[in-house]
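What follows is each chain in one-letter form.
2 protein chains.
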Amino acid sequence: MTTSYADRLHAATLAKKTPALVGLDPRFDWLPSDVVGNARERLDDPVAIAAAAFEEFCIRIIDVVAPLVPAVKPQAAFFEEYGPDGCLALCRVIRYARQSGLMVICDAKRGDIGTTAEAYARAYLAGEDPQAAIWGADALTVSPYLGRDTLEPFLNVAAERGAGIYVLVRTSNPQAGSFQDPIADGMTTYQRVAAAVEEMSAASVGTSGYGPMGAVVGATYPKELNELRAAMPHVPLLIPGYGSQGGTAADVAGAFDANGLGAVVNNSRGINFSWRSGKHAEEFGAAKWEQAVEASTRAMIADLAASTTAGVLA
Amino acid sequence: MTTSYADRLHAATLAKKTPALVGLDPRFDWLPSDVVGNARERLDDPVAIAAAAFEEFCIRIIDVVAPLVPAVKPQAAFFEEYGPDGCLALCRVIRYARQSGLMVICDAKRGDIGTTAEAYARAYLAGEDPQAAIWGADALTVSPYLGRDTLEPFLNVAAERGAGIYVLVRTSNPQAGSFQDPIADGMTTYQRVAAAVEEMSAASVGTSGYGPMGAVVGATYPKELNELRAAMPHVPLLIPGYGSQGGTAADVAGAFDANGLGAVVNNSRGINFSWRSGKHAEEFGAAKWEQAVEASTRAMIADLAASTTAGVLA
Chain L
1 MTTSYADRLH AATLAKKTPA LVGLDPRFDW LPSDVVGNAR ERLDDPVAIA AAAFEEFCIR
61 IIDVVAPLVP AVKPQAAFFE EYGPDGCLAL CRVIRYARQS GLMVICDAKR GDIGTTAEAY
121 ARAYLAGEDP QAAIWGADAL TVSPYLGRDT LEPFLNVAAE RGAGIYVLVR TSNPQAGSFQ
181 DPIADGMTTY QRVAAAVEEM SAASVGTSGY GPMGAVVGAT YPKELNELRA AMPHVPLLIP
241 GYGSQGGTAA DVAGAFDANG LGAVVNNSRG INFSWRSGKH AEEFGAAKWE QAVEASTRAM
301 IADLAASTTA GVLA
Chain X
1001 MTTSYADRLH AATLAKKTPA LVGLDPRFDW LPSDVVGNAR ERLDDPVAIA AAAFEEFCIR
1061 IIDVVAPLVP AVKPQAAFFE EYGPDGCLAL CRVIRYARQS GLMVICDAKR GDIGTTAEAY
1121 ARAYLAGEDP QAAIWGADAL TVSPYLGRDT LEPFLNVAAE RGAGIYVLVR TSNPQAGSFQ
1181 DPIADGMTTY QRVAAAVEEM SAASVGTSGY GPMGAVVGAT YPKELNELRA AMPHVPLLIP
1241 GYGSQGGTAA DVAGAFDANG LGAVVNNSRG INFSWRSGKH AEEFGAAKWE QAVEASTRAM
1301 IADLAASTTA GVLA
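If you read the sequences in order, they're chains L and X. Under this note's numbering, read the first sequence as residues 1 to 314, first letter to last. Under this note's numbering, read the second sequence as residues 1001 to 1314, first letter to last.
These are computed hints drawn from the structure, not numbers from a lab. Certain hints may be false.
[To be verified] For lysine to any residue, the following SDA-like pairs were computed, each having C-alpha atoms within a straight-line distance of at most 25 angstroms:
no., chain 1, residue 1, chain 2, residue 2
1, L, K223, X, A1184
2, L, K279, L, A302
3, X, K1223, L, K279
4, L, K223, X, P1182
5, X, K1016, X, A1048
6, X, K1223, L, I183
My request is simple: use the sequences and hints to build the entire structure.
The structure is reproduced here in structure tokens:
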């Protein structure tokens, strides 16, 4: 019997006592010199060096955060920039994260029609058994523009494997509203997507009360976040935009239910590169970058606990 | 001096005298037995076998269609389903297509915010120089849901490198309208996206009269196709949905300008697997599958020439 994604995520959140999600956004120009040095020592090709350095950087972050948080969110784009070598690094990072007891949300924002969507779903959505899909992820981010029928293949594979998908509903960028905000028949586009997501997710809720279809809602739009939490009571939320993009713990407070569940809040740059600028950079610097990663992760966990119902998890 | 994507595509279309685009959609269960046999002879791992078979299948299609059409459109999802091995096969297929004188539209429907979008753009959009990006494509399909600011990084890289992007405007699937059709302030969502795409593309038109930002508009919605052609006079169109999805040459006639330019029409399954069913299957069958690929490509070219202004190219 497969345990649903939402139930597994809740168990992991309760176990780690926090809904903090650590993004894995490696950027070559910003990597610690020891990581790049290690790759350069054994490789010559610049692409192979970047891919190997990404892998080591992410694995060392995973080693730091695995005892602290329920999940990580690798951003596929940064790996894909380094071609097949980068893709292999992403695959290995996902596998390593799962072996370390973390859940993995692959942030690849895929979307296509019919059997093509099915191919993406089969590729990324391993769900409960990390071996069930080659990319081994627990969940995948998905774009809704193509229409409701294009979300169904993702949902079907997710439900079958105990995997999750997070549909883009309200994104965190400044012009998120250009196509998400216009009001037709009394509803914005994002409200219309939210209604579809709620309906599709509610049809197969687990014991947690949440279904396999989640939603991405940016921390940078707290008013919409509150509204969407109410509109999608059976939908697990993935909240980007905390930290570097300007979202605060107070901004994301509306994402959680009374038990501090129902949402995960992501921080990528603010943790991955906390040793490059800000107070943890001053305290630790590049030489102790893993300590900065740990301190910034702990700071985020404390911040969420202090200003949201996630505090009840502790 | 870089030649723009639209100018290069027009030159290729004039040279091949057709706007037919051949999709590359390999599916393992449907591959010719000789292709699978070749991979099985030298490999043991099922994933490696699939990736190698995809590569050979696509390369042999490219060998057949390179003299006939201006461009091919590999579908990333089918390759990604086989993980890093599949990604490597995609990379090699793109490279081989360009070495064979074809332009390549990578159909990956990417989209993300800010520097993440930039990473995708740098990864896929090689433009005029196939070496300028690791995936080596001339153009990439892109999803607009996240907003106008998320299209700009793609446009900037495209303009710089002589590459193109095709933004999803009106997709070919049955429920394309679920989020694309609602009318706000007198405009559907797809019309709103189209207006943004026209404005962004018109700002940098080449000598062809078209800009670097194209649009995906499905052949399965001929009324919307005619309307969108008129609304986006500076936007090159990519038309999926011809053939297996039901679109006819008459349905796509509205996509072209008076010179038979301004659009490419894609056919994937109807060419890749024309030897599995239909009249070319009867004539050639699996043993002569490449001849079926050639015959179905020629039939599509003739069909477009007979029923659209693409006839003036011949």
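Now for the hints, and whether the structure bears them out:
| no. | hint | verdict |
| --- | --- | --- |
| 1 | K223(L) / A1184(X) | holds, 21 angstroms |
| 2 | K279(L) / A302(L) | holds, 16 angstroms |
| 3 | K1223(X) / K279(L) | violated, 58 angstroms |
| 4 | K223(L) / P1182(X) | holds, 23 angstroms |
| 5 | K1016(X) / A1048(X) | violated, 35 angstroms |
| 6 | K1223(X) / I183(L) | holds, 24 angstroms |
Checked against the numbered hints given earlier, the structure breaks hints 3 and 5 and satisfies all the rest.
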